[in-house]
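2 protein chains.
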Amino acid sequence: MKFKNMADMPIGIFDSGVGGLTVLKEIHARLPAESTIYLGDTARVPYGIRSAETVIKYSLENGAFLVEKGIKLLIIACNTASAVSLNIIRNAFKIPVLGVIEPGAKAAVLATKNGRVGVIGTEATIQSGAYGRTIRDIDKHIVVVERSCPLFVPLVEEGWLDNEVVELAARRYLAEMRLSNIDTLVLGCTHYPLLKKVIKKVMGDDVVLIDSAIEKAKNVTKILTSSGLLNTPETPTFRKYYVTDCPERFQQIGKRFMVDSLEDITKIGVSSLEEKAIEFKNAQCAGGLI
Amino acid sequence: MKFKNMADMPIGIFDSGVGGLTVLKEIHARLPAESTIYLGDTARVPYGIRSAETVIKYSLENGAFLVEKGIKLLIIACNTASAVSLNIIRNAFKIPVLGVIEPGAKAAVLATKNGRVGVIGTEATIQSGAYGRTIRDIDKHIVVVERSCPLFVPLVEEGWLDNEVVELAARRYLAEMRLSNIDTLVLGCTHYPLLKKVIKKVMGDDVVLIDSAIEKAKNVTKILTSSGLLNTPETPTFRKYYVTDCPERFQQIGKRFMVDSLEDITKIGVSSLEEKAIEFKNAQCAGGLI
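Protein chains in written order, with this note's numbering: chain A, 597 to 886; chain D, 597 to 886.
Please note: incorrect hints may appear among the correct ones.
[What the hints assert, rightly or not] In the BS3-like style, the derived pairs of lysine-lysine whose C-alpha atoms are separated by at most 27 Å in a straight line are: (1) Lys851(A) <-> Lys877(A); (2) Lys877(D) <-> Lys863(A); (3) Lys709(D) <-> Lys796(D); (4) Lys877(A) <-> Lys877(D); (5) Lys877(A) <-> Lys863(D); (6) Lys793(A) <-> Lys702(A); (7) Lys863(A) <-> Lys665(A); (8) Lys836(D) <-> Lys621(D); (9) Lys709(A) <-> Lys736(A).
[As the list claims (entries may be wrong)] Computed Cβ-Cβ distance ranges for the label pairs, DEER-style: (10) Gly800(A) <-> Ala771(D): 27 to 37 Å; (11) Pro692(D) <-> Gly865(A): 25 to 35 Å; (12) Arg626(A) <-> Ile652(D): 38 to 48 Å; (13) Met602(D) <-> Lys792(A): 53 to 63 Å; (14) Pro832(D) <-> Ile874(A): 35 to 45 Å; (15) Ser857(A) <-> Ile874(D): 31 to 41 Å; (16) Asp779(A) <-> Glu875(D): 50 to 60 Å; (17) Thr862(A) <-> Ile864(D): 27 to 37 Å.
I should point out that these hints are in silico values taken from the structure, not numbers from a laboratory. For each residue, glycine too, the CB sits at the ideal point set by N, CA and C.
Construct all of the structure, not just a fragment, from the sequences and the given hints.
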């Protein structure tokens, strides 16, 4: 696709699967005139149980695919990918790259009154310690309590959002968190906002829940506005989706996340992602960063 | 590795992750003198939520990797991969290839008295209809009731084998199955035998549970014995494991499945699997099936 200038280009956003649609939904709500290209790596989802090395490889491939389409901004919507690969991706591409950890961490620091913040996420996100590090970088006195909740993603994917199974699972995962006297809890995974009702019920009304998707969208609005990269009114807006597997399943589960009807979905093979990454690497070796 | 004759070669077995260890455990118990090479595709697990096309691609890559190591028999331990790719894999390699569907289906037909059989498995396995087809091919009068239980795999991976969360999940998934008057239930996923206690509690003592892992191991014993391919006593026995990601996680979760301590684990990149598949394809084009 050809664009007259950078501002007219779409925003690129990738996630391991459908989870990043919570971020996209907030971006569409705040910036309805922006075009977006979303890539869900549904042939290799979930990332949260994989090693950092593997998540980095997959993230670079996703990034190269989107950058090659012509985007003005790359958003890593996946917390796991943000936690382990943000700096590497930032160094790999010339365009601005945003993760989801920093906005969530900043919002938590602003929200906490007693200086005790909880973070829940996938195994890989929690193991990376990225949230704790980022929060303490902003304010070293804040105590961070972290806990992985591996079943939350499959529960959301199953559409079990507020039945007794998900409530019992939440009570198990959050039992220690409830005793730790936190007043703020970061939902450190793009799937978790869909479990807000249950998490609120378990944690009580006094604990503020930080939705990383909303914080991310606020952050994108700020960056595009301040850098003069908002879409010009005369450019037509489009919303395009790519997945590496099961477009029907993506559409069906995605509907739980989105207002958008997810019409324009194209399936691409994982191997085409890999090829794109190799091309990109070769271009890099030849001195030309994309 | 070089072997004097085919009988001395190891058995190759692959699964999307740790689940196939339930099959391997039964093979080790019945055939302790046999050497085995196990491949768990932990960088791309789970297969149960993927399209047939993607599962076939991954299965061919796994098969080519093991066949190239020198094996006398290839076992597809994963129900999903067996359901969608068995015939394609059989046509691709010269050595015997066994899946897990047929032995489970046969055992169910033998076990049922009222001609009503239930099957539970992943989304992909149930959608493929492979169990129902295979059971009705043996006896067309048998009524087959199928149901996918997507959360059972993540519950096992989380080590929640008999707490109240897994029991509630099982009661939800199996509610209709309980009313369907089946007398036999096939556990059509290699993870499910670990939930036997809960499934038995929910379904009641009158329903016979068919463990596809045990049926598979019986089948392997029969085939190796009848074809004279049992390991000769003078050949040293080894047990080798390959994974595409997270060897520590594989070992840790694998211990829930195995008596073996899973010592000899090597991590291989997904890309080396893909390369092996391409080499294999080229060899095939040149007229030489492996």
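Outcome of range test on Cβ distance (Arg626(A), Ile652(D); 38 to 48 Å): holds (42 Å)
Whether the CB-CB distance between Pro692(D) and Gly865(A) falls inside 25 to 35 Å: 30 Å Cβ-Cβ, so the 25 to 35 Å window holds.
Distance restraint evaluation - Met602(D), Lys792(A), Cβ atoms, bounds 53 to 63 Å: Hint holds: Cβ distance 59 Å, inside 53 to 63 Å.
Holds or violated: Lys709(A) to Lys736(A), with C-alpha atoms at most 27 Å apart: OK: Lys709(A) and Lys736(A) at ~15 Å, within 27 Å.
Distance restraint between Lys709(D) and Lys796(D), which requires alpha-carbon spacing of 27 Å or less: It holds: about 18 Å lies between the C-alpha atoms, which stays within 27 Å.
Gly800(A) versus Ala771(D) beta-carbon gap, inside 27 to 37 Å or not: With a Cβ separation near 32 Å, Gly800(A) and Ala771(D) satisfy 27 to 37 Å, so the hint holds.
Pairwise beta carbon distance, Ser857(A) to Ile874(D), judged against the given window 31 to 41 Å: Distance hint for Ser857(A), Ile874(D) holds at roughly 39 Å.
Satisfaction of hint between Lys665(A) and Lys863(A), Cα-Cα up to 27 Å: holds (15 Å)
27 Å Cα cutoff - pair Lys877(D), Lys863(A): holds (24 Å)
Hinted pair Lys836(D) and Lys621(D), Cα distance within 27 Å: Roughly 13 Å separates the two Cα atoms, so the pair holds.
Glu875(D) and Asp779(A) - C-beta distance against the hinted 50 to 60 Å: holds (58 Å)
Restraint status (C-alpha distance of Lys877(A) to Lys877(D) at most 27 Å): Since the Cα atoms of Lys877(A) and Lys877(D) sit roughly 26 Å apart, the hinted pair holds (cutoff 27 Å).
Hint compliance for this structure: hint 1 alone is broken.
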